[in-house]
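Visitor: Read off the chains here:
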Amino acid sequence: MKKKNLLAIFYALAMSIAIGTMAACAPSDGPGGENPGGENPGGENPGGETTVYGLPVAERGHYINNSDLFEDDGTRWLFYTTNETSGEEDNVIAVRKAVFEEGADKGWAYGEETIALRGGDGSWDEYIGSASVVKGSFEYGDTEYGWLMAYCGTSQAGETQFSIGLAVAQSPDGAWTKVGTQPIIAFDEANTGSAATAVGNYAPSLVNYDKESGIRLFYTFADSYGHFAKFVDIDASDLDAPVLSGEAMVPNNGEIAGGDTVAMFPNADFAYDATGGTFYAVKDYSPTPSQAPAFARRIQLLSIAEEELYTTDLGEGWAGIRTWDNTDTPDGMYERLYGACIVSDAYGHTDGASGAEIIYNVCMLEADTDDYLFTQNLMTFEIDYQ
Amino acid sequence: MTKTRTKALALMLGAGIALSGICAAFPAVTVDGNALDTSTQMTYPFETREEAFRYAPTFTGVSETTQDLHWEFIQVFLDDATADFSKAKYVAIQMRIEQGNPGFTVGIHDASRNRYMTVTDGNKAYFLSEDGTIQEMSMLNTELAFKQGMSGTLLLPMDQLSWQEGKTGDLTKINSVYFTHNSQYHAGWKISVGDVGIYEGEPDATAIRKLADCSQAERAKSKYHVDSVNPDCMKMPSESGIVEPEPPEMAYPFRTGEEADTWAAVWQGPVNGDSSQNWQTLTVKFDQATVDFSEASYLIIQYYGMVSAPGITFGLENKGARYSVGAAEADGKPVYFMGENDAASVKAANVTNGAVTAPGANKLGAMIIPMDSMAWQSGEVANRDLTAIDTLVLTTNSQYNYNYRIMIGEIGLYTGEAGSGTFTKLLDLSSDKSDKFAVTSDLEANRGSLSFIEADAVRETMGDATIDIKGEGKTDSSFSEEGGTTGNVLINGSYGSLKVVKDSYDEDAMQLTATGITGDGYTAFTLSDGEDIDWANRKGVSFWARNDSDAEVSFNFEIDCKVASGARSRFNILQGNRYWLYDVNTGKTTIYMTRPTATLPAGFEGWVRIPFSAFERASWSSGVSKEEFMGEGSVVAYLGISVSAASYLNQSFSINNIGAYTTTPQFSSSFVDAGGKTIPELLGLI
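Chains as they are written, first to last, in the working numbering: chain S, 1 to 386; chain X, 1 to 686.
Derived from the structure by calculation, the hints contain no laboratory data. Everything numeric in this text was worked out from a predicted model, so none of it was measured. Be aware that one or more of the hints could be misleading.
[Claimed, not checked] Straight-line alpha carbon distances no greater than 27 Å define the calculated DSSO-like cross-link-like pairs of lysine-lysine that follow: (1) S/K230 to X/K588; (2) S/K178 to X/K588; (3) S/K211 to X/K347; (4) S/K230 to X/K677; (5) X/K425 to X/K223; (6) S/K211 to X/K223.
[What the hints assert, rightly or not] What the simulated footprint calls covered on chain X by chain S, stretch by stretch (three residues with Cβ under 8 Å from a Cβ of chain S suffice, anywhere in the stretch; the number is not a length): (7) 433-445; (8) 669-681.
[What the hints assert, rightly or not] From chain X, some residues computed to sit far from chain S (all C-beta separations above 12 Å): (9) Q67; (10) E259; (11) V346.
We put the CB at the ideal spot given by N, CA and C, even for glycine.
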């Protein structure tokens, strides 16, 4: 049986979350067109002599979603979830390296796709996706590693009950070694509402807080009460015996947009401005199940003072920076915007004094194509944090 | 005779306005519509130019807006005790805005203290200048907005006014006009108020009928009443040349810090006022049977106006002869107050109508009463001897002053010049001396009560948390029961059981279980009813808990918060709020989410802290706002725990040591330091 991707997460989201109606928007020609990758997205000779600049585009029968993009010493690394087999939903985590080329009509040139991680047959992570990677210093099995990945996985074919696991590597392009045989954040059936259908723990987002081994793992927990962000701090210097803090729910007060009675924080990616003592996050709106796919149709960028994460005293909460919807996509053609990440440095840090780059997913509607799942691709926004 | 207005009433009624932002308008009289507008030509009804305001008092507001709510109140009584306004079409008030741009709620008072006032947004009033021009004023948030320099006559059409909060008063027995506003929003103003009259028809078609006349001479000071944070709010024209004495400068003479109020007495006034005079009296004896005040320059009393600011008559007695601010010659004399952390004293009030009304004394401090601000008021002449004072006496009339709460602690006297003299403590409260205090009243049926601040000194605590409800000493039949057998609790429909079990520390705890579904599907356990637990100004609820089931279990706190006004509302926890779990077995602290209420994860055993911000007023309840919840002066009148029997049937959980905490914990990890604010540190467990 082929492994499915994480779409079920979003279907489950739609099952439990209030939604709004949406005006249908017929796709038009424009950047990306009906098939953002084109008939042959890599050109006549993908990976060959022709260099394509900008974010990679999924080949026909493939999709790209749940990206994580960071820059390390002039090199960009893009992790994302994709399907290994055309037309199937057999998720793997892939990585591409990019270098910047100066010149007109040039820019970031992405290299070949490498499979970084696959699900484990019969394991808790048989179905995987949604990687987040940071640089640091991590020892595991008497070996020093410089890179840490968090990803989510489940043994449930129906894509419920997700847990979060770790993997390490000497280099972003591998090889990646899974840490242990159990997740670091396990799905806890006893403490989950409607456990059989609960999504569980997904959307891991790593920040290397001290740029050594002090890791903050953000993730979304979802069950019948909704989707809320949490974090746990990990002393990851010795991954044979990692030291975890208690989990902490991320504040859900302030200018959080989403249309929920109780403000939720689904599918978020985080970045840390250590100088400003601020965390930034980009999150989905609650998804729209009125037309498949039941992905979100808006994303929101927010910030919060670091100290507010550590207390239950109500402060200012999250400050909304910008919300994007279909009108912000090329020609307004994409009704679905979701699964965004903040482009950070290799530690998951960002500079609040400068601008941010947001990588997000778009997808066509079922109403437009039966193959809508294979129209998932990445796009980008740039914004000034201030 | 002491005569003070009801501060408590003003506060209570005023608070209602502040909270709602609107008041229901109840047209109380049927009157013809008024014809006045800005084009009306009418004869100016009062004195003009230099003749105007010659004998009018001025009223000055606070210099800066106050942090706490206080309803500044100015009342101008009519020359006669009451007048019939039932046929009045307009009320005319001569006034001048000397300084600032204040807004006022303006109205008239009947003899039963009902207010007919500017209530309805958009309703009109008019301001007639001496030159005959009329400007229209519109009510907004019950107020009329005045501008500096306005000088003339405020004309209030009766059909534009309404009774406050739906009460219906008696327009045939009006005794005064008044101005009021919240000092949190208005400051830096000064106004003069002169004559008052009414028109019983359209102006000029009918003549003005003057009801308060200061056109020819200054009226008696007792014809005015103010309740202001500014003790010098009211100045009569004859007082304009008086030089105010400087407040005394001296070191704060009493205890300070956390133990500063230990064994102090709290005098709670009767909740409701009386229809006629009823003197409430607090007497305090000294450590010695008698004290020589003959050389004293100040009487100093440790004081805290906790709720409201009643007019208090302070006095010293020798065999019943009373040396007091209630003496006629004390009127207008100053009384000072010094907060325990203040560098200097400030004037708290001028003695007015024999009493001290000191809204600024709303914190722990020292009431400093110059001996010159008192005089012999009553008693046999033979006993009018300051060398043998045996009692401190505080009195107030609950016809006007009720539902107040003031703290009286240590007492001393000061001899010599302030700063260079000597303080002598006359009542030392380093130990329990509750037998020195007593309360009485003319009418036993409506008498204030006395309690002592032993709670904080001996109140059981665990670190920064109080322990107010616990399993210790309870048995299976200790809890309120409306059905079932011993140990089974039936409240609000569903069945439950409550057993005594052991907690993590081998102490008695309470195990709660919803055991059957009937009625509304909830099982409620009453843990405290009528004990008035003080959780005011604390951060949230603290308790020990254990989930004795094999799945997540949630329950709610049913808390009735009662505030000083007597209002009481039910509050409980809503979904989506963050709170603290400290597991004693794993040593980990979690910021969890209420799912949907107070939630104990499976396997949890330890301490829980839920911030009060997670509580909201129940949809069916009213009276106490979220802002007032656990605010100053509030108490927990009822505490119960409710469990959805349908959702958590037979899922037992145990709780113990329920109280309130004062310090919000801090998240900690291997790289985030909590700065000593982890839950075990705050509880003193490590």
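Visitor: So, for every hint listed, does it hold in this structure?
Guide: Each hint, compared with the structure:
no. : hint             : in the structure
1   : S/K230 to X/K588 : 15 Å, holds
2   : S/K178 to X/K588 : 26 Å, holds
3   : S/K211 to X/K347 : 59 Å, violated
4   : S/K230 to X/K677 : 21 Å, holds
5   : X/K425 to X/K223 : 39 Å, violated
6   : S/K211 to X/K223 : 75 Å, violated
7   : 433-445          : violated (count 0)
8   : 669-681          : holds (count 5)
9   : Q67              : 19 Å, holds
10  : E259             : 27 Å, holds
11  : V346             : 32 Å, holds
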